[in-house]
Each structure stands twice: as C-alpha cells, then as structure tokens.
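**Student:** Spelled out from the first residue to the last, the chains are:
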Amino acid sequence: MDRRLIERLRALLGEAGIVSDPALTLPYESDGLALLHHHPELVVLPRDTTQAAGAMRILHEAGVPVVSRGAGTGLSGGATPVPGGVVLGTARMRDVLEVEPVDRFARVQAGVVNVDLSRAASKHGLFYAPDPSSQQACTIGGNVGENAGGPHCFKYGATTRSVLGLVLVTETGEVLDLSAPQVDPHGLDLVGLFVGSEGLLGLATEVTVRLTPLPELVETLLAVFRDLDSACDTVSDLIAARLEPSAIEILDKLTIEAVEQSVFAAGYPTDAEAVLLVDVDGAAAEVALTVREIVAAMQRRGAIQVRTARTEHERKMLWAGRKGAFGAMGRVAPDLYVADVVVPRTRLREVVVRTTEIARAKRLKLATVFHAGDGNLHPNMCYDRRDPDEVRRVVEAGHEIMELCLSVGGSLTGEHGVGLEKLDMMERLFSRDDLATMCLVRDAWDPARRLNPGKLVPVRACRETRQALAGGAR
Amino acid sequence: MSAPPSSAALAGRLFALLGPDGVLSAPLGPAGPSLPLALPESEEELRELLRLAASDQLALVPCGLGSKLGWTAQPARADFLVSTRRLAGVVRHEPQDGTLCARAGTTMAELRARAAAGGHWLTPDVAAPERATLGGVISAGQSGLDRLRFGPSRHHVLGARVMLADGTLAKSGGQLVKNVAGFDLHRLYAGSHGALCVVLEVALRLFPAPERELLAAEGAGDTATALARARAALALPARITALWLARLDPPSRGARWALYARLGGKGEVVQAERNAITAVWPSAAWLEGDPARTELDALRDCSFEAGGATWLHGLCRPSRLEAALNALERRLEEAALPARLLIQPGEAVVDAGLSPEAAPGAVAGLVSSWRADLVPLGGRLELRNAPAAVLARVDPWGAVPEALEWMRRLRRALDAEGVLAAGRLAGGL
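Here the protein sequences come in this chain order: A and B. For what it's worth, the working numbering labels the leading residue of the first sequence as 1288, then goes sequentially. For what it's worth, the working numbering labels the leading residue of the second sequence as 690, then goes sequentially.
Everything labelled a hint here was simulated from the structure, so no lab data went into it. What you are looking at is a predicted structure, and each value in this text was computed from that prediction instead of being measured. Certain hints may be false.
[Claimed, not checked] Okay, the calculated beta carbon distance ranges per label pair:
| # | chain 1 | residue 1 | chain 2 | residue 2 | range |
| --- | --- | --- | --- | --- | --- |
| 1 | B | 1048 | A | 1714 | 32 to 40 angstroms |
| 2 | B | 766 | A | 1335 | 43 to 51 angstroms |
| 3 | A | 1389 | B | 708 | 57 to 65 angstroms |
| 4 | B | 923 | A | 1718 | 58 to 66 angstroms |
| 5 | B | 731 | A | 1672 | 48 to 56 angstroms |
| 6 | B | 855 | A | 1464 | 29 to 37 angstroms |
| 7 | A | 1335 | B | 806 | 49 to 57 angstroms |
| 8 | A | 1384 | B | 708 | 31 to 39 angstroms |
| 9 | A | 1461 | B | 923 | 33 to 41 angstroms |
| 10 | B | 1112 | A | 1308 | 48 to 56 angstroms |
| 11 | B | 1048 | A | 1389 | 32 to 40 angstroms |
Yeah, the Cβ is synthetic: ideal placement off N, Cα and C, and Gly gets one too.
Next up, chain A with everything else stripped away, as it sits in the complex (with noise of 0.2 angstroms):
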C-alpha cells in the first residue's frame, strides 16, 4: 500500500483509525465465512460520517477498492477483503444518535450494535424488530448491508421493513442524507435499494430505523418431535392454517446435542430428534388463541412433548440455546459451514430430507437449524479446514443444496447475502439480462467497481452483456 495515502488517511482518521500492522490487520482476513480469506494491508476505521466521507474521498483519488465491514459476522463472503483494496470498518461508530419514543424511531452510528439498539429502545416500552441469531455482536451497518434476517422476521419482515432512512457515503466520497424517517420516499426508494445491496453502492454510516412497541404478552413453546419430518410438517400446516406466530425455529438432533452440552444448554431434550421452537407474541386475547391453535397443531403431527415457557427465565434460556446453536457447533468440530437457502414453505420437508442425503453422501456430519416459518433452511456442515479433501466435499454439498432448491423454486440465500461464496450461483438463479440490469444499475452509482469487488453482481455477466449489446446480438 502506497506510504502516502496512508499518511494521508492517517492526518486524516489519527492514529486509533488506522491499522496497518501485519499482526493486527490479520483478524480482518474474513468474515464468518473462513473458508475464504485474504489478509489485507490496511484498515481504516473512521470516527463518524465526516471522516468515512474523507477518507472515502482520498481511496477514490487513489483508485483503491474498498470493502466496508460491521462486526464480520457475515457468513457468505461478503466482507473478506480483496487483493489491493483497503478495508473500511465501522467499529469505531457506535453512538445511539437519538431515541424518538413517540414517532418511534431511533437513529444509531451504522456500527451500533443490534442488541444495543433494542436495549437503548426498551427503556421506552419499545424494540427494534430484527434479531439475527449474532445480534450481540453484529452491527446495524453490516444488518443494512445483507438486509439481514434473524427468527422474528417471521413476523415482523427482514431488516428493510425497519429501515426508514440512511445516510450514505458514496464511492466519491459525497454524503447522501436520506436519514429524515419518511412514511414514503420523496423521489425513487433509494433507501430500498441500498438495504441489502451489499457494499456496492455505498457506505452506510447512519441509519434511521423503526421501533416496534414491546407486545403485551409473548408465549414461548417447544415441541419435541420423534423425527425431523413431522416438525417440518407442522410448519408447513401452521403456513397453511394461516396462523401468524412470530417465530418458528427447527433444530435437529445433532444440533440439539451440541446446544445442551455447551453454555448455550437450554433444556432441549436430547433424545428429540428435533425441536420446533414458536414465539408468540401480541395482544393477550390473540396469543392465547394462537397458541391454542399451534398447540393443536403440533399434536395432530404427533409431537411427543408441547412445552410453554413458564417464566421469562426459562424463555430467555429457550431463546439462548437456539441463537447460540452456530456457537454450541464449535464442540462438534472445529469448523462450521454455515449454509443459508430458501425454498417455497410447502417444500419443507422433501428438501430437509434431501440435504440430509446429500451430506451423507459426501460423509459430512448434517445438523440443521432453521427459520421454518420463512422457508430458510441453514443446513450446516461440521468439517475442519486443515483436512484439504473435508473441505472439497463441503463446497461440494453445498453446491448441491443450492441447486436443489433452486430446483423447487427456492434462492441462494435468505439472509445472508451473496457476498464472494454463491456468486457464481447468481447466474444459476438470474438470467444474464438481470444480472446485466443489475450491473447497470451499480455502475450508475460506482462506474469503477471499487466499492466490495467481486461480490454479489458477477461481472463476467456484465461484461458479456456488454458485449453482445456492443454486437447487437439482442
């Protein structure tokens, strides 16, 4: 890396923004996803908006790429760095700007973190909606960035649907103040567009989001299922019952094993062969319904146990087990793919069952948890890293799981993005003229394609458009 651009970032961000140390630079190697990895040569970490806008500024004069990054808990790619680029990290902002309980909003740094969010609204008898399963450590940057998901989007809906403004540093290093929370975009959505675009339009580094009032009354249940098909067929009967939970959570054995021996134990019983865990949540009148009726449910699928959570207590330790399941997998073995994939709800259980084979095939340990009320499976498999063949196998399997349920018309990916690992998948799922208007449409905003390269919109796929347009082949 250039010596004075990094002086120049330096004058600019100080000491504490700048990371340029082999030794400290090497935990920004990857995100969630370890199996890719480049070690990078320089982080910045800037203060506030005016900072990330000039040093956004300085890496446009150099032409140097930038990947911008939360907390790295993503699980697809989406914030390794790449060859030549610098990393752009929002560690270092991390103020609640403002808390409005009336209208209901807040407006946080883009590196605040979710729990953090929810716990600075609660004083106002309020929450923000989505919990992805790291939402102790994960940031609302890096959640805007994947339009990431979590257990109660069930209800509630993915990261979008609580986002009411931005502010956004452009690859130019201009500041785009879209942070006003509006019932309705003044001029194009661009908001909706940036959620979930993945570092290719813009830095976010405020974000104005929803809160949702804290529900009067919330039932938890666990149902114990003597085999995973039946409780991937309860779900698909509560989809179809029409029945309006706000969360539905699957976890099979394995993973059932691996939560009750690790802090994250909960309770399970470890001789399920799966668990369905169901939040309910609203008005008292409606959640005593509601649960009624999914109890029901559960017991016409057979479950052998149908447990309500007694006291906040026991709930909260429910609640653990399940987001600390990826956590709890450390004990299985030393390396967990994370897989992440949607499929139509009424597909549930064939698909299960064939990831399922599909593992076994490969000889690689399955164990499934899921948000099952949204069709998103994440199948994860246990491998190590330093056993070169395991690993072939896994990107193997996971190759196929994607291509099965985009066989029964499913996606890629629910929530964790495309990132660097399902890009070329992209072209499996869109045809070349999607990809193309994509591309169009990331160009009109980083002519250059500095802003995380490689990721998300295949650029083969652009190039070839191009060219047959260049040709007049359409």
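Given chain A's structure and the hints, the job is docking chain B onto it.
**Tutor:** Just chain B now, with coordinates in the frame of chain A:
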C-alpha cells in the same frame, strides 16, 4: 428530440403495430393533453412500441388504467401512453405458501378476490380496486388504508419482472417470503411512476384473511378531541386494520369529525379488540356485514369518486399531526376553500380533497402555505389530480429531493435514450 409528430400520424403508426383494437386515446391526467393510448396484448408488442419510441425519438408514459396519471408533474414531453391493462392475469398463486404473482394489468379487485378465495388478505386495500391495476398501484407506490396494520405496499413486493426502455426483460427478487439474492430493484421501481421501466409482473406476500370484520364509528366535535380519541385507540394492544378520521360534506356521522376503526381477524380476537375500543370510544356505533361493507367502500373510494377533485396529500411526523391539521384548517379558512378530509393518524397521512372548480390561484396559495407549514413538522405535501391552471402555479411535489443527481444517474442507466417520459417525478426527474 424531434418535433412531436401529429397525433393522427402517430396513431396511424400505432394502428399498424397493434391493430385498431389496440389504440385508443386518453388524457395524460386531469392536467394533460389527450394522447394516443397504446394497448399492447403481448410483451413482444410492448417491445415494438419501445423500439418505435426509441427510433423516432418519442417519449411515452406507461400506465395501467390511468387513475394515477395525475399524481405526477406533467412531463417535459410525452407523445403517447402505453397501458399494460391487456397484459393481465394471475401468473402463480400459492395459497399454501401465502404468495401471489400476477401480470401488471390485473385489477386489484380481481387479485383481492383471488387472494380471498385462498383464505388470504391482499394489501394494499386501495380505492376503487376495480379501476386500479397491480402495475399501476405498485408503480405509483400506492398504499391502502390498511397500511396501519400491514405497512406500505412496497414492503410486500417480493419480486418483479419488468421491461426496460431498450426492451430488455429483467427480473429481481422472486416469489418467496424471504430472499436476499441480488439488488432489490423492485423496491426501486415501486413508486417510480414508470420512469425507470414498464412493470410486467409483481409477486406479493399475502396475509391471513379475517374470519370476522367489524367497523367502529365514532364522532367528535372538534379536531383536538378527534385526535385524542384516535391516539387512545392506537395505543391499545389491538391489531387495528385501519383507523381514520373523516370530515366529509355532508358530515358522515352527524358530527364535525367521524372516526373509524376497522377490525379483522379471528372471531374471539375481534371481540376482545371491540371490548378494548369500546373502553376508549364508549359511544361508538358498531357495524358488521353489509352495512359495514357499504360504509367502508364509500369511505375508501371517496378519494376516487369525488368527481375529479384535486387532492392535497400531506405527510408529517405522527407527533406533529395536530399542528399539521390545525395549520391546514387555518389555511383552508384563509383561502375560503371547503375541503373533505381523510386522515390516517397512525401514519400521519392527511388527504384533503378540493373541488375541481376551486379558483386555481386560491388552490396554489393553499398548497404553498400549507407546504411551508409542514416542513418544520418533518413533513411534505404532494398535489394529486390538480388541473393545469394549478400546476402552472405550483409544483406537485414541492422541494427537490435529497440526492437528486444520484437518482438521475439511475434513470440514465436504465433508460439511456430517454424513451420513458422525463420530468414527472420530484425534482423534475
């Protein structure tokens, strides 16, 4: 761009492409000229129309049934309208998965009926759904009175298929309730009034149909009381589908203000919600079945049925609604203009309908003054269906939006030749 062709010459070219059944004429909203209206029956015909426009340097305006052409500014130039009304029909309905994908020209009435047959509610519940198409509603970013419960319609667009100005077919999203693969371009198209592409198909998320519906109606003698009652109902732990205040002429519930709360859901739940609302609206009348339906439809459709009224669509922060309404009432009095008012206090949306005969100068003055009042309340004012004499005096959108140049970049990227009529959106986009 070339000089505008004579209407007859252009109509002749359109006839040649589409046949005599495929060409009508229609006004470009209440303020606009009458233009040839092309009705393609296939996507190939639509592509031919786009090609014609590109080769002859013409500008076209996409529409459905045309009910929201008056929601935008008049374009710098428009040679013809292209309606997707004949590109209609359900593409895929998945009742067990709670999703529905339909072609742009399908009416909202048909879609709502289709969803209901599958046990679902389709949002947005817009005015005059038999005269609004899916493509038109989404392109206009229109939400219904049911947005209190379901949020804005753009939140439930799962994916879209569109034709770009150069004839390219492009899809984004899909028909899954959760999906983050690729840019959410459908979010960008929603509310862009056909300035970026022609919407061909939209997939929507569905919600459970209510087993029972009830309508509560309550009166209030003054604005402060009406708003206090609305706030009391909104603070209840009840999932109210829609809550609005109306001031109509003649008054609809025998008081200056009428308040309505629409409930829907499972029988027991609706009953519990009724009890909760009764505690804060003790004298409310409760309607169910046909009487409720008749009153609901009349209220919902009044923004459409008011005989070509000009509508002021005001937005502000919910906490500032009272100030916004007081300002509006003062401005109406100053201008001596009677207005019918429809207010959604939960979202702080105020719609004020003025007679089409109102003096243009007075309307323009009202728009300017109330618009200025709304700015410090975190709001803005859009003007819908105004006649030409009003639009000559005030911009329908008001202030130039933030990041206009970045919006222009997107527009140029998706319509490099300027085939889709420019100048209709905020900031002259």
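**Student:** Just tell me: holds or violated, for the beta carbon distance of residue 1048 of chain B and residue 1714 of chain A against 32 to 40 angstroms?
**Tutor:** 60 angstroms, violated
**Student:** Could you tell me whether the CB distance from residue 766 of chain B to residue 1335 of chain A stays inside 43 to 51 angstroms?
**Tutor:** Holds, at about 44 angstroms.
**Student:** Take the C-beta atom of residue 731 of chain B and the C-beta atom of residue 1672 of chain A, compute their distance, and say whether it sits inside 48 to 56 angstroms.
**Tutor:** Since residue 731 of chain B and residue 1672 of chain A have Cβ atoms about 53 angstroms apart, the given range 48 to 56 angstroms holds.
**Student:** Could you check the hint for me, namely that residue 1384 of chain A and residue 708 of chain B are 31 to 39 angstroms apart, CB to CB?
**Tutor:** Violated, since residue 1384 of chain A and residue 708 of chain B (Cβ atoms, about 60 angstroms apart) do not stay within the stated range.
**Student:** With 29 to 37 angstroms as the target window, see if residue 855 of chain B and residue 1464 of chain A comply at their CB atoms.
**Tutor:** 33 angstroms, holds
**Student:** Determine whether the Cβ-Cβ distance between residue 923 of chain B and residue 1718 of chain A falls within the hinted range of 58 to 66 angstroms.
**Tutor:** 45 angstroms, violated
**Student:** Taking the Cβ atom of residue 1335 of chain A and the Cβ atom of residue 806 of chain B, is their distance within the range 49 to 57 angstroms?
**Tutor:** 54 angstroms, holds
**Student:** At the C-beta level, are residue 1048 of chain B and residue 1389 of chain A separated by a distance inside 32 to 40 angstroms?
**Tutor:** This hint holds: roughly 38 angstroms between Cβ atoms.
**Student:** Using the C-beta atoms of residue 1461 of chain A and residue 923 of chain B, is the stated range 33 to 41 angstroms upheld?
**Tutor:** 39 angstroms, holds
**Student:** I want to verify a distance hint. Is the separation of the beta carbons of residue 1389 of chain A and residue 708 of chain B within 57 to 65 angstroms?
**Tutor:** 58 angstroms, holds
**Student:** Falls inside 48 to 56 angstroms, the C-beta gap from residue 1112 of chain B to residue 1308 of chain A?
**Tutor:** Given about 54 angstroms between the Cβ atoms, the range holds.
In the structure shown, a violation is registered for the earlier hints numbered 1, 4, 8, in ascending order.
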